[in-house]
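Colleague: Listed in order, the protein sequences are those of chains C and F. When we follow numbering that gives the first Met the number 0, the leftmost residue of the first sequence carries the number 0, and every step to the right adds one. When we follow numbering that gives the first Met the number 0, the leftmost residue of the second sequence carries the number 0, and every step to the right adds one.
Since the hints were derived computationally from the structure, they do not count as laboratory data. Every value quoted in this text rests on a predicted model; they were computed, and no experiment measured them. Do not take every clue at face value.
Pairs of lysine-lysine residues, derived as PhoX-like cross-links and limited to a Cα-Cα distance of at most 20 Å, are as follows [what the hints assert, rightly or not]:
(1) Lys75(C) x Lys26(F)
(2) Lys36(C) x Lys343(C)
(3) Lys215(F) x Lys27(C)
(4) Lys152(F) x Lys215(F)
FRET-style restraints, in silico, Cβ to Cβ [claimed, not checked]:
(5) Asn377(C) x Cys90(F): 27 to 35 Å
(6) Asp47(C) x Lys296(F): 50 to 58 Å
(7) Glu30(C) x Asp250(F): 31 to 39 Å
(8) Glu367(F) x Asp33(C): 49 to 57 Å
In this text, a Cβ means the ideal position worked out from N, Cα and C, and glycines have one as well.
What follows is the residue order along each chain.
Number of protein chains: 2
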Amino acid sequence: MDVTVNANINSTLKTRKDNMNTIDAYKKLDETVDMKKVLGSMYSMPPDISIENHMRFITSNLGNPGLYPGTLKMEKDVMEFIYDLVGRTDCISGRIVSGGTEANITALWIMRNIEKSRNSGRKKILIPPTAHFSIIKAIDLLELEPVIVPVDKQYKIIPEEIADLSENAMGIVAIAGNTEFGTVDPIDKISNIVNIPVHVDAAFGGFVLPFMEDKKSFGFENEMVRSITIDPHKMGLSTIPAGALVLRNADMWNYIRFPSVYLTERENTSLLGTRGSGGVAGAFSSINHFGREGYRKIVDNCMLVTKYLAKEIRKIGHFIPVEPETNILTFDMPEDTYYKMERKGWHLSRTKNGNYCRLVIMPHVTMEVAENFVDDLNEITS
Amino acid sequence: MDVTVNANINSTLKTRKDNMNTIDAYKKLDETVDMKKVLGSMYSMPPDISIENHMRFITSNLGNPGLYPGTLKMEKDVMEFIYDLVGRTDCISGRIVSGGTEANITALWIMRNIEKSRNSGRKKILIPPTAHFSIIKAIDLLELEPVIVPVDKQYKIIPEEIADLSENAMGIVAIAGNTEFGTVDPIDKISNIVNIPVHVDAAFGGFVLPFMEDKKSFGFENEMVRSITIDPHKMGLSTIPAGALVLRNADMWNYIRFPSVYLTERENTSLLGTRGSGGVAGAFSSINHFGREGYRKIVDNCMLVTKYLAKEIRKIGHFIPVEPETNILTFDMPEDTYYKMERKGWHLSRTKNGNYCRLVIMPHVTMEVAENFVDDLNEITS
Chain C
0 MDVTVNANIN
10 STLKTRKDNM
20 NTIDAYKKLD
30 ETVDMKKVLG
40 SMYSMPPDIS
50 IENHMRFITS
60 NLGNPGLYPG
70 TLKMEKDVME
80 FIYDLVGRTD
90 CISGRIVSGG
100 TEANITALWI
110 MRNIEKSRNS
120 GRKKILIPPT
130 AHFSIIKAID
140 LLELEPVIVP
150 VDKQYKIIPE
160 EIADLSENAM
170 GIVAIAGNTE
180 FGTVDPIDKI
190 SNIVNIPVHV
200 DAAFGGFVLP
210 FMEDKKSFGF
220 ENEMVRSITI
230 DPHKMGLSTI
240 PAGALVLRNA
250 DMWNYIRFPS
260 VYLTERENTS
270 LLGTRGSGGV
280 AGAFSSINHF
290 GREGYRKIVD
300 NCMLVTKYLA
310 KEIRKIGHFI
320 PVEPETNILT
330 FDMPEDTYYK
340 MERKGWHLSR
350 TKNGNYCRLV
360 IMPHVTMEVA
370 ENFVDDLNEI
380 TS
Chain F
0 MDVTVNANIN
10 STLKTRKDNM
20 NTIDAYKKLD
30 ETVDMKKVLG
40 SMYSMPPDIS
50 IENHMRFITS
60 NLGNPGLYPG
70 TLKMEKDVME
80 FIYDLVGRTD
90 CISGRIVSGG
100 TEANITALWI
110 MRNIEKSRNS
120 GRKKILIPPT
130 AHFSIIKAID
140 LLELEPVIVP
150 VDKQYKIIPE
160 EIADLSENAM
170 GIVAIAGNTE
180 FGTVDPIDKI
190 SNIVNIPVHV
200 DAAFGGFVLP
210 FMEDKKSFGF
220 ENEMVRSITI
230 DPHKMGLSTI
240 PAGALVLRNA
250 DMWNYIRFPS
260 VYLTERENTS
270 LLGTRGSGGV
280 AGAFSSINHF
290 GREGYRKIVD
300 NCMLVTKYLA
310 KEIRKIGHFI
320 PVEPETNILT
330 FDMPEDTYYK
340 MERKGWHLSR
350 TKNGNYCRLV
360 IMPHVTMEVA
370 ENFVDDLNEI
380 TS
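Excised from the complex, chain C in its bound form (with noise of 0.2 Å):
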């Protein structure tokens, strides 16, 4: 790495062309990582329109919406065409967040104060072992109680397991896409078997599921589920930050109602105040510029990459725990490869579960790169 960046903010730094100097060196530091060889990360950079377009709403505040009528209207179109992902009811209510973790620490903080208005001093939550940390996050936040529910092999939660569990219990978190495995719990099983509350994280699926031939039923068609994180930025190729949380009703906004006079609006119902706009801006030019058509073929592209790359990593001899759900792949590697192929430039992850190396296959990893990534383990493994 040979960027030098010297810059001491406290200085003297004045002009504006110091300024452009050090943040030019920051910025090519950043890009001494090749995206091209980031394979454990949910993010692919999203079409220029959507970029161009955050830029112009970076101004623009949701936090005081009175003030900004276009950005609210945005809002909603984009609302729109996440509802019909997420099987629309009457009363349905989302919003963009700002992230998957928002969205899930809401949902959790609604579902517990919608309990304690009922007074029954539940706060046990059931969770799959692969919740995602944001979902330990908010239980850790609101003080619940969780308890972890039996997986199968996919690591999929076994609904005949639960009913007991969820005697006493508050509600459960299924999850449309794990972060580690991208397997789907068989959320209308779960619905069908518990009577409390069901929160689906859907933030990586959600923008996968409804694209696939063989639709999996993750949404409010499931009477107990209640409420849907799904993330525009991740699968949506959106820019960041733009999640979204959509609840069953609005009426469930009333438990996190709180008055805040000196704004547009005089009642605030999200967990952060300030609510940059230009997330909104880019989802809304992403799904604009893809369409539901675009998603199914960037969903199917991924799903052959991934497929592709199952079959390679299997002839080279790793074994691969869990059959690729969606464009999430899992395999056993020795810490040694694992490393010899960062030295390679790749840029890896690992599963909590099992310890596994894990890939995610966004539309920024074509199949030339597979190829590259093969021809590298292939290499370095014999």
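Add chain F to chain C, keeping to what the hints say.
Modeller: Same frame as chain C, now just chain F:
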């Protein structure tokens, strides 16, 4: 308003041209609000260079810092500048967050978890009636027990009256520039009197007080101050979103540490996951652009306009309940005058305490804007 928006994101809009037309209309709709007449918001347009640099970093994500080494360095530079504003300590540690709300929630989360680790069972938190609604959100989220402390006529905490209240409390929130009146709690005296952690919300005042001639102490030089919220995107004139949370001691992050094995950072200690880096570049640029001298001039000028407005508004005959300590001015204004002013295009706001009209004299509220405001108010009142 003659902007017509006919967008239906689900319909056949497919071409880049359509996309741009729709978003153009939304942008125009946002622009129907004349920002020069917004006197109730804590936001002014940042300098061009900050917007420009924000844009260059919108695809970087500090939530996965290993992939963006340049952005990580840039964040450190910004924090170095901020450390000097809040009273540097040996183990000081802070980071850029999405805004004051995230910073305040995170601070109280850490405070509660530290208390919890001692098994004291304490959940009582002292807050002034002027506490920002993000503090109320945090209290609800964390299930704390709020106790409203007495304030004087300037809405400032009365230190002598909190000694007893602070017994068996886990902490106290004090404000350096409260949202409603801009007044500053006597943080030095509070720190001397109590024996519990103090969280200082300097979201607004953090970029004001250090640049005034009569410097009020609000930082870590006060022994019991453990955490400080300070927002570059308010009076630091940075792009949104860019708040900051600073801790007296880096060890305090340990109380909100969550494993995130599949990211480049093995443990995560922030409320949110995704952390867009545009705001960091914006903060870096604004700080470099203005420097301490620039901020001093800005604050000087805002105070000049504030004093002018106070004088003129008093002349017109409106009661001013609190002498402005920072660039926020409140006064008694009958409901119908308020609505008449709003019909003239002024965007005002109201306080919860006392139901006063509230003006935030941000840098875009120049002497000229202030004169126009006074003229309109004169016309309506007479």
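Colleague: Does each hint hold? Answer for all of them.
Modeller: How the hints compare with the structure:
no.: 1; hint: Lys75(C) x Lys26(F); verdict: holds (15 Å)
no.: 2; hint: Lys36(C) x Lys343(C); verdict: holds (9 Å)
no.: 3; hint: Lys215(F) x Lys27(C); verdict: violated (40 Å)
no.: 4; hint: Lys152(F) x Lys215(F); verdict: holds (19 Å)
no.: 5; hint: Asn377(C) x Cys90(F): 27 to 35 Å; verdict: violated (48 Å)
no.: 6; hint: Asp47(C) x Lys296(F): 50 to 58 Å; verdict: violated (39 Å)
no.: 7; hint: Glu30(C) x Asp250(F): 31 to 39 Å; verdict: holds (34 Å)
no.: 8; hint: Glu367(F) x Asp33(C): 49 to 57 Å; verdict: holds (51 Å)
Hint violations for this structure: numbers 3, 5, 6, all remaining hints satisfied.
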